[in-house]
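The hints should help you fit chain B onto chain A, whose structure is shown.
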Amino acid sequence: MTVALIVGAALAVACVILVALPFLREPSAQNDRLDALSGAEQRRLALAEERDRALASLKELEFDHRTGKVSDEDYRAQVGPLRRQAAETMRALERREEDKRTKVPSRG
Amino acid sequence: MPDLGRAALVTAFLLLVYATAVGAFAARQRRRRLAASAQNALIAALGASAVAAAVLLAALARHDFSFQYVADHTSRELPLGYTLTAFWGGQEGSLLLWLLVLCGYGAAAVLTTRRVARDLLAWTVPVLGFVGTFFAFMLVFVSSPFVTQHAPADGAGLTPSLQNPYMAIHPPMLYLGYVGLTIPFAFAMGALLSRRTDERWIVATRRWTLAAWAFLGVGQLLGAHWAYVEIGWGGYYAWDPVENAALMPWLAATAFLHSVMIQEKRGMLRVWNMVLVALAFCLSIFGTFLTRSGVIQSIHSFAKSPLGAWFLGFICVLVVGTTALILARLPLLRARTKLESLVSREATFLYNNLLLVALSLTILWGVIYPLLSDLVRGESSTVSKPYYNFFLHVFGLPLLLLMGIGPLVAWRRASLRALGRVFLWPLGAAVVAGAILLALGAGSSRIGVIAYTFSIFVLASILLEFVRGTRARKALGTGTWPGAFSSLVARNRRRYGGYVVHAAIVFLAIGVAGSSAYQTVREQRLFPGDSMTVAGKQLAFRGFEQRRAPNHLAIRAVVDVYDKGGHHVARMYPGKNEYFAEQQVSNEVAIRHNLLDASDLFLIADQVNANGSVDLKVLQKPLVNLIWLAGLIFVGGSLIALWPDAREERRLAERYEGVLAEA
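From first to last, the protein sequence lines are chains A and B.
If you number the first sequence the way the working numbering does, the last residue is 108 and the count never jumps.
If you number the second sequence the way the working numbering does, the last residue is 1663 and the count never jumps.
It is possible that part of the hints are untrue.
[Stated by the list, open to error] Stretches of chain A that chain B covers, calculated by requiring three or more beta carbons in the stretch to come under 8 Å of a beta carbon on chain B:
hint, region
1, 10 to 17
2, 24 to 33
3, 46 to 54
4, 60 to 66
5, 73 to 82
[Stated by the list, open to error] In silico DSS-like pairs for lysine-lysine, Cα to Cα no more than 30 Å straight-line:
hint, chain 1, residue 1, chain 2, residue 2
6, B, 1338, B, 1265
7, B, 1576, A, 100
8, B, 1265, B, 1474
9, B, 1474, B, 1537
10, B, 1537, B, 1564
11, B, 1564, B, 1576
12, A, 59, B, 1576
13, B, 1576, B, 1385
14, A, 59, B, 1564
15, A, 59, B, 1537
[As the list claims (entries may be wrong)] Derived CB-CB ranges, DEER-like:
hint, chain 1, residue 1, chain 2, residue 2, range
16, A, 72, B, 1389, 39 to 49 Å
17, B, 1384, A, 72, 46 to 56 Å
18, A, 3, B, 1389, 49 to 59 Å
19, B, 1486, A, 58, 20 to 30 Å
20, B, 1361, A, 24, 48 to 58 Å
21, A, 17, B, 1338, 45 to 55 Å
22, A, 38, B, 1335, 18 to 28 Å
23, A, 73, B, 1480, 53 to 63 Å
24, A, 72, B, 1312, 55 to 65 Å
25, A, 17, B, 1151, 28 to 38 Å
26, B, 1649, A, 98, 23 to 33 Å
27, A, 58, B, 1324, 37 to 47 Å
28, A, 98, B, 1114, 36 to 46 Å
29, B, 1343, A, 58, 13 to 23 Å
Hints listed in this document are in silico derivations from the structure and should not be mistaken for laboratory results.
Don't be surprised by glycine CBs; every beta carbon is placed ideally from N, CA and C.
In isolation and in its complexed conformation, chain A is listed as follows (with noise of 0.2 Å):
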């Protein structure tokens, strides 16, 4: 019975604590503000998941071309705009970072 009071209290306390740490942490947490992207940031995620998404599919079609699956006729169709995808998506995404480095120093 002694053992079970014993683990039965330091698990109460040891949950509370936990529970508790962020604000034994920080007590006056002068950012309490959970972080959320803003549109901005949004925008830039979305560009950098289709740089990505554009980039595995030129990777895709060049090995499917290698291994036969796609004829040259159907890889020399697709290729350009995938590619053109690719550059303005890694263009947007370059403005963007541009954009934000020329807005820094203006702040300051």
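Positioned in the frame of chain A, the structure of chain B alone reads:
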């Protein structure tokens, strides 16, 4: 000690309520510390449920019959191993295992995805907490394993069919599968609730989904083997409602694993993936409901219980809630691209999805029809094997064929010329194999010949994929052939691990077709000295032997087996066990494996008669061992697909850290 168990369960319940309510509040109000506190509550619930599990295990190990659960499911003579596995041998223990595994998964998912998916994790935690709260509530208020009583001198013992080494591994595997499906579901709902429908929820749960799916698959195969060696009817799958209950979420999860690749690669099927992940999860809860409620007659149903209504209510809440949420977020789930051609890799994935879901829903209808019939018309009816076999053939055979077609077709679109080139060898191999099978007399089963021909087609296409891929890698200058092969697999583990899993499914199909369509069955009453002939073997019954074990009496018929030439090849001992405490009799089959042709000689002592005779049932099951070999290949393929890929991890880290660094 029962007080400690109860206190631990109440603590877990309160922590999970906190994770749900405070987590949802924090996510809505965007309170960072409060959200972190809710995540910690989920982790703390793991500790509390682990303490409760430890209390129950200790009570089992000590034969503490003041715990009603221990008295109901064990006895003093029960070997220690089975005494401990009785943890999940009954309803309350199974629920506790559910809660423990769920909290374990939840804590691990929280700890591993904090960086990639902070914002959607805030909404994922309340969903995980909500599911956990339900199970903790059941354990605290409805079906507690810590109910005490005046301790009887001995317990009732464990059901004899559960006294098998598979008891140690089959239920935990299934639970790891069932419960694991909560993680992709919670992240998907978290993504919808937080309106973050980008691919992070897929990236965060990719490995969890694959692991849960693999556990569920392995769990079912282990269950099939258990039934094969223990239940004593000569089969491995009986379309029992509870067997179906594990198959349905596995099929839905298989569909999800395929369709989610289309979302990753093409940005398509975003709504469909949400539906599939919800369907797989709801079916896993439905499976638990079937097993635990006792509403359906099954060898797995332990008793009528008060759980049914609660589970049904929970399933209704889940179905209504997820449907409403998906409908509310439809505008966010619009596809970014369209299917370019009906002859493309993504189209074959789509066909495969439709067939898998159709098969899953057909099985669901077969399971719930008797319930509805009883409820609406007051008539008890059953849906039997021919119904399931019919739909297995209708949906399963095209699925098998698609496993061979899919890898050969290119993404986006494929021209007829390219198709002709890549299909030539697999088609040729399939046609030749079909002709040989017909010439060998396999035409006695049309379904068998079709299944084998399709299987050869799939194996040839998988082999070709590996050969062509290795050749292409070698052409890129990857040194030796083995180097090119390992580089091929290492660079795309999910794809090539998936092909290995496909090969496992083919072996499974060959084993199932062989052992069901071409099996030989003979039954005969034999007196000592009598013999019978089955599939060219002569079996002579010599008499009975008896052996007393601590908790049962083993009665065995002694059967000598001779080959065609009259040479003695084996002595086999089918029989019965009479369990003292449980007052039950179990069938103990005798199996002789032939590793050369993968067949089994399977002996069942159907009746042990008082006049000294035995009613012997003999089955010759060709290729049945390929089913168990398929299990090993399945594990291998799953491990390849699950193995961490450092290159992929770096790419994803770069994608998300670059974008989310300032979030």
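Hints, verified against the model:
1. Remark: the region 10 to 17 of chain A is confirmed as covered by chain B, as 4 of its residues place a Cβ nearer than 8 Å to a Cβ of that chain, reaching the required three.
2. Judged by the Cβ-Cβ criterion of 8 Å, the region 24 to 33 of chain A is covered by chain B as claimed, because 5 of its residues qualify and three suffice.
3. Against chain B, the region 46 to 54 of chain A contributes 6 residues with a C-beta closer than 8 Å to a partner C-beta. That satisfies the three-residue criterion, and the hint holds.
4. With a threshold of 8 Å between beta carbons, the proposed coverage of the region 60 to 66 of chain A by chain B holds, since 5 of its residues qualify and at least three are required.
5. For a cut-off of 8 Å, the count of residues in the region 73 to 82 of chain A with a CB near a CB of chain B stands at 3, and the three-residue condition holds.
6. Taking the CA atoms of residue 1338 (chain B) and residue 1265 (chain B), the gap is about 12 Å. The hint holds against a cut of 30 Å.
7. In summary, the hint linking residue 1576 (chain B) to residue 100 (chain A) is not supported, as the alpha carbons are separated by about 78 Å, beyond the 30 Å threshold.
8. In summary, the hint linking residue 1265 (chain B) to residue 1474 (chain B) is supported, as the alpha carbons are separated by about 25 Å, within the 30 Å threshold.
9. With a CA separation close to 51 Å, the supplied pair residue 1474 (chain B) and residue 1537 (chain B) exceeds the 30 Å bound.
10. At roughly 6 Å between alpha-carbon atoms, residue 1537 (chain B) and residue 1564 (chain B) fall within 30 Å of each other, so this suggested pair holds.
11. This hinted pair checks out: residue 1564 (chain B) and residue 1576 (chain B) have alpha carbons roughly 29 Å apart, not beyond 30 Å.
12. Restraint check for residue 59 (chain A) and residue 1576 (chain B): not satisfied, since their Cα atoms lie roughly 61 Å apart, outside the 30 Å limit.
13. Taken as a hint, the residue 1576 (chain B) and residue 1385 (chain B) pair is honoured in the structure, with Cα atoms around 27 Å apart against an allowance of 30 Å.
14. Between residue 59 (chain A) and residue 1564 (chain B), the direct Cα distance comes to roughly 59 Å. Violation of the 30 Å bound is thereby established for this hinted pair.
15. Between residue 59 (chain A) and residue 1537 (chain B), the direct Cα distance comes to roughly 57 Å. Violation of the 30 Å bound is thereby established for this hinted pair.
16. Distance hint check for residue 72 (chain A) and residue 1389 (chain B): the Cβ-Cβ separation is about 46 Å, which falls inside the suggested range of 39 to 49 Å.
17. Between residue 1384 (chain B) and residue 72 (chain A) the Cβ separation comes to about 55 Å, which falls inside the hinted range of 46 to 56 Å.
18. With their beta carbons about 56 Å apart, residue 3 (chain A) and residue 1389 (chain B) fall inside the hinted range of 49 to 59 Å.
19. A beta carbon spacing of about 24 Å between residue 1486 (chain B) and residue 58 (chain A) agrees with the range 20 to 30 Å that was offered as a hint.
20. Roughly 50 Å separates the CB atoms of residue 1361 (chain B) and residue 24 (chain A), a value that falls within the hinted 48 to 58 Å.
21. Checked against the given bound of 45 to 55 Å, the beta carbons of residue 17 (chain A) and residue 1338 (chain B), roughly 53 Å apart, stay inside it.
22. As the Cβ distance of residue 38 (chain A) to residue 1335 (chain B) is approximately 25 Å, the hint placing it in 18 to 28 Å holds.
23. In this structure, residue 73 (chain A) and residue 1480 (chain B) break the distance hint of 53 to 63 Å, their C-beta atoms being roughly 33 Å apart.
24. For the hinted restraint 55 to 65 Å between residue 72 (chain A) and residue 1312 (chain B), the CB-CB distance of approximately 59 Å keeps it satisfied.
25. For the hinted restraint 28 to 38 Å between residue 17 (chain A) and residue 1151 (chain B), the CB-CB distance of approximately 37 Å keeps it satisfied.
26. For the pair residue 1649 (chain B) and residue 98 (chain A), the supplied restraint of 23 to 33 Å holds, since their beta-carbon distance comes to about 28 Å.
27. Taken as a hint, the range 37 to 47 Å holds for the pair residue 58 (chain A) and residue 1324 (chain B), whose Cβ atoms sit roughly 40 Å apart.
28. At about 31 Å, the beta-carbon gap between residue 98 (chain A) and residue 1114 (chain B) misses the expected band of 36 to 46 Å.
29. Between residue 1343 (chain B) and residue 58 (chain A) the beta carbons are some 21 Å apart, a value that agrees with the proposed interval 13 to 23 Å.
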